[in-house]
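A.B. asks: Residue-level listing of the chains:
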Amino acid sequence: MAQINVKVNGRAVSKQVEDRTLLVEFLRETLGLTGTHVGCDTGQCGACVVHLDGRAVKSCTMIAAQASGSEITTIEGLAKGDELHPMQAAFHRHHALQCGFCTPGMIMTAVDLLRRIPHPDEATIRANLDGNLCRCTGYHNIVKAIAAVAESGAGV
Amino acid sequence: MYQTTYVRASSLAEAANLLRDNPDAKLISGGQTLVPTLRQRLARASHLVDIVHLAELRGLTLEGDRVVIGATTTHAELAASDLVRQRIPGLAHLAGLIGDPPVRHLGTIGGSIANNDPAADYPAAVLALNAAVHTSRRTIGADDFFTGLFETALDPGEIVVRVSFPIPRRSAYEKFHQSASRFALVGVFVAVLADGSIRVAVTGAGPCVFRATSIESALARSFTAEAAESAAISADGLNSDIHGSAEFRAHLVPVLAARAVAQAR
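Sequence lines, in order, name chains Y and P. Under my numbering, the first sequence is numbered contiguously, ending at residue 167. Under my numbering, the second sequence is numbered contiguously, ending at residue 1537.
Honestly, the hints are just simulated from the structure, not real lab data. Fair warning: this is a prediction, and the values are worked out from it, not measured in the lab. Fair warning: there could be bad hints in the mix.
Over 12 angstroms on every C-beta distance to chain Y, these chain P residues come out as not near it, computed from the model [claimed, not checked]:
#1 Q1275
#2 T1276
#3 Y1278
#4 A1285
#5 D1296
#6 S1301
#7 Q1312
#8 D1322
#9 A1327
#10 T1333
#11 D1354
#12 D1372
#13 G1429
#14 A1504
#15 A1518
The list that follows gives simulated cross-link-like pairs (lysine to any residue, SDA-like), each with its CA atoms no further than 20 angstroms apart [as the list claims (entries may be wrong)]:
#16 K18/Y / R1311/P
#17 K1298/P / S79/Y
#18 K1298/P / R1311/P
#19 K26/Y / R1280/P
Chain P is faced by these chain Y residues, among others (derived, beta-carbon under 7 angstroms) [what the hints assert, rightly or not]:
#20 T53
#21 V60
#22 V68
#23 K69
#24 T72
#25 K91
#26 N139
Heads up, the beta-carbon is just placed ideally off N, CA and C, and yes, glycines get one too.
Next up, chain P with everything else stripped away, as it sits in the complex (with noise of 0.2 angstroms):
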């Protein structure tokens, strides 16, 4: 790891403010990303600004017909909660399946999904649920969030305070692990919200977090396990590497998409 400096913020304002006057600094939360790509050399941070302390960014609660989960909620917490696993059962089912205990102990929500890894397990949610991205300066909807590979709607200083997730009326998420990493080789999440729409987003499979619209034009017509899996994906653009070809990749996307519409409640 190169030389950094560590400085643990005692409030948003001075973490804005330190990423303001330090444009060679990163935030870490979790750091179960940033500290193997740092140690790795990778990257390299003038400042770490650690904003896993802050109050402002805690925070699991019910607000109206919306669950409400501050930044630094960790995957632990997440998949341990009753509030998610009762109100959306989808949410807590794929934060359990992140990484491993050790690493479900520290890593973030709200670190995962500024980071935006091609195959982490949270952009499906946030993108099928249509949640809405909090962050210390404006609200992202869902559908703008996530940009492109490790890209985010995020503006350099802007900070991640709290995701807020409507509660739908089904949910679930399938993941085909990479064996080695625990990351998603696919992961499919499939939502019915509350007005009865259908959203299916994929991670995994293509360069950034996408919607399979083809799936969800299938499920509108029939909410069913068959009708997830005769839908077409197409190979073109999707991720291709030694775990698994774009071809394989393509194929388990209606394969998981039918899998997590059997388990949807």
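Chain Y on its own, in the form it takes in the complex (with noise of 0.2 angstroms):
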């Protein structure tokens, strides 16, 4: 078994778990927070990207173990209490979801874009998707979202 000493949305957490859980399913299964979503299994669709010690990375491409010591924020942590977070209310006003399966993804990776990337143009917030897919949208709203937010300067 290995321990598993992380802090996720702010709170301390510590776990025995089997030494080949994914980081997702640790999540998911061991801490209940559902949000994060496995679509591809096979590392290509972005449903599971989380921010580990602020860096959006695939949870579902990691093991647990991997990610011990380190913080980790997952869509249930980005509100503040019943306030959405910027991006989160930008893809709500924009239509930016249907099915809404990708969205947890798509936004993790999109408030990473905005704080590596404070005002991408067009080309490269679509570049900066390359890693989570949607099957609804056609992404020009998502795109529409993330550009707005850029533009609003509330991105982080």
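Take the two lone chains, each set in its own frame, and fit them into one complex as the hints suggest.
C.D. replies: Listed below in structure tokens is the structure:
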């Protein structure tokens, strides 16, 4: 068994899990944080993106033990109480989701993007969504939502 | 994923000992290839020896006329490095084309070259720039490092510590993405080294990265896009799959080399 000591959404967590437990399984099944989704199971769709020490990573493509000692933020950790994070609000306002399955990963990737590049042009936004697949929207409104947050300067 | 035992190595020596004592143990660094491979049960590891936290494998420094890059430097760190962007722009550009942002935040140069995927990007830079691979035991030149499909000169238990790139006069990398995987359908790295010699390395096209000597000869006569594009590449032995025939890949090599020549700085 592997000892996992992490801080998840600001809360310290210590658990023992099988060594082969993926980070996404740890989040969803051990901690019950089911906002992080599993889409493709092959590391390509980005539905499982979370922040590990402030960087977007695919939680299905690392084992939980690799993350021990780190701080993790999931989609559940973005809002302040009842107040949506500006990126969540923008996705809502710009209809950047239909079925919503990819949305947690999209939002975590988008927040990471604006931390690295506060004012991306449209091509940069699209290039940075390379690792996130959406099968509903055709991406246009997702790009619009991210651009709107960048313009407002409220990104992070 | 099959059962495994995770061990976070506290030193390079401990990692080497774990590999020696457990022949079915595997090193894990960023894990961006290894974890999906384990998940699909295409591989199994008795132990996963995590070396990503080792201080010995960190660092990105200028040492004389070389840029020396620690094995656990991530693709994102390398792509964003002012040192690499200024001294070896082709290498920084290449790192920013690997996978996607979350993959670049974890994947490492040491893991990439040790795995030697035939469509990985870094092998093209290492070979074209005539880099030296420093391991836990010795130094291996680029021409000797990549030996075949997923094969390198590394011995069992030998660990990549850092990669030392001589600063070239000019460099550029052009990549034709396989659009689903983000790997290179074909990628071509063109380098003019400090002594004026020209090296052109091709990834994605064959079972292992290789030098396009016909293009190197053409560029030695005239360092122009036209010269690169006029060189012939044989389709014999190149990869052929649903994404592109060997003939298509052979066609792409001089096309991408020409674009790289035009971009080289």
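A.B. asks: Let me know if the C-beta of T72/Y comes in closer than 7 angstroms to any C-beta of chain P, holds or violated.
C.D. replies: T72/Y check passes; min Cβ-Cβ to chain P is 5 angstroms, inside 7 angstroms.
A.B. asks: For the hint on K91/Y, just tell me whether its beta-carbon gets within less than 7 angstroms of chain P.
C.D. replies: violated (25 angstroms)
A.B. asks: Are V68/Y and chain P close enough, Cβ to Cβ, to be under 7 angstroms, as the hint says?
C.D. replies: holds (5 angstroms)
A.B. asks: Could you check that no beta carbon of chain Y comes within 12 angstroms of the beta carbon of A1327/P?
C.D. replies: Given a closest Cβ separation of 15 angstroms, the condition holds.
A.B. asks: Can we confirm that no CB of chain Y comes within 12 angstroms of the CB of A1504/P?
C.D. replies: The assertion about A1504/P holds, with a minimum of 33 angstroms to chain Y.
A.B. asks: Examine each Cβ of chain Y, and state whether all of them lie more than 12 angstroms from the Cβ of Y1278/P.
C.D. replies: Given a closest Cβ separation of 4 angstroms, the condition is violated.
A.B. asks: Taking 12 angstroms as the cut and beta carbons as the points, is D1372/P off the interface with chain Y?
C.D. replies: About 3 angstroms separates D1372/P from the closest Cβ of chain Y, which leaves it inside 12 angstroms; violated.
A.B. asks: Does R1280/P lie within 20 angstroms of K26/Y when you go C-alpha to C-alpha?
C.D. replies: holds (17 angstroms)
A.B. asks: May I ask you to check that G1429/P keeps its beta-carbon over 12 angstroms from the closest beta-carbon of chain Y?
C.D. replies: Given a closest Cβ separation of 21 angstroms, the condition holds.
A.B. asks: Taking the minimum C-beta separation from D1296/P to chain Y, is that value above 12 angstroms?
C.D. replies: holds (14 angstroms)
A.B. asks: Within a Cα-Cα threshold of 20 angstroms, do K1298/P and R1311/P meet the stated pairing?
C.D. replies: This hinted pair holds, its Cα atoms lying about 14 angstroms apart.
A.B. asks: T1333/P clear of chain Y by more than 12 angstroms, beta carbon to beta carbon?
C.D. replies: holds (22 angstroms)
Checked against the numbered hints given earlier, this structure breaks hints 1, 2, 3, 6, 7, 8, 12, 16 and 25; the rest are met.
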